[in-house]
Amino acid sequence: MLRNLALQATMNSIDMTIPDEAVRARMEDASGLGFTRFDGRLHRGDGWVGAVTHLQDGLYLLSLAVLVAACCWPAAPARLRVFLLMILAGIAVNALVCGGISQPATRYGSRVIWLLPALAVVASTMLLARRSRSNTGTVALASGEPA
745 MLRNLALQAT
755 MNSIDMTIPD
765 EAVRARMEDA
775 SGLGFTRFDG
785 RLHRGDGWVG
795 AVTHLQDGLY
805 LLSLAVLVAA
815 CCWPAAPARL
825 RVFLLMILAG
835 IAVNALVCGG
845 ISQPATRYGS
855 RVIWLLPALA
865 VVASTMLLAR
875 RSRSNTGTVA
885 LASGEPA
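Taking my numbering, I'd label the letters of the sequence shown as residues 745 to 891.
It is possible that some hints are incorrect.
Unchecked claim - Quick list of the computed label-pair ranges, beta carbon to beta carbon:
no.	residue 1	residue 2	range
1	L751	R823	28 to 34 Å
2	A873	I758	31 to 37 Å
3	T869	L799	19 to 25 Å
4	L799	M830	26 to 32 Å
5	R851	S876	38 to 44 Å
6	L751	A819	34 to 40 Å
7	A795	A873	33 to 39 Å
8	R855	R875	30 to 36 Å
9	I758	S846	18 to 24 Å
Since the hints were made in silico from the structure, they are not lab data. For glycine and all other residues, C-beta sits at the position ideal for the given N, C-alpha and C.
Using the sequences provided together with the hints, build the complete structure.
What follows is the structure, given as structure tokens:
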């Protein structure tokens, strides 16, 4: 279970959201509104998926580094640290439940991995705003914590 947890924590890609030829072939004989033939640009080849996955992995690693730095930043408010740690714990629990108990799959990580860059932006914005307030002489933030 721990091996699956560790594996799941590193898995995220869009590869399971775009049907490959085998899936499309199985659906050829299916009928109904949901199974009409679709030949969009994304289906014409999947050679681009590997490159996009590597770019996303880089973005996620950078975002994780920003979040770790934000948690370790001496001037970071305690509320921000707790918030970031709770979201990171949620991502870990997602990996445990989906990968550790079930079977690791890229679709499970893709459901939550977008939280890393979103949180990196939020944390950076909050820390920069806090820094600019303290440089302008503001004594307290809206949260009541000293600057």
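Against the structure, the hints:
no. : hint                     : result
1   : L751 to R823: 28 to 34 Å : 33 Å, holds
2   : A873 to I758: 31 to 37 Å : 33 Å, holds
3   : T869 to L799: 19 to 25 Å : 23 Å, holds
4   : L799 to M830: 26 to 32 Å : 28 Å, holds
5   : R851 to S876: 38 to 44 Å : 40 Å, holds
6   : L751 to A819: 34 to 40 Å : 36 Å, holds
7   : A795 to A873: 33 to 39 Å : 35 Å, holds
8   : R855 to R875: 30 to 36 Å : 33 Å, holds
9   : I758 to S846: 18 to 24 Å : 19 Å, holds
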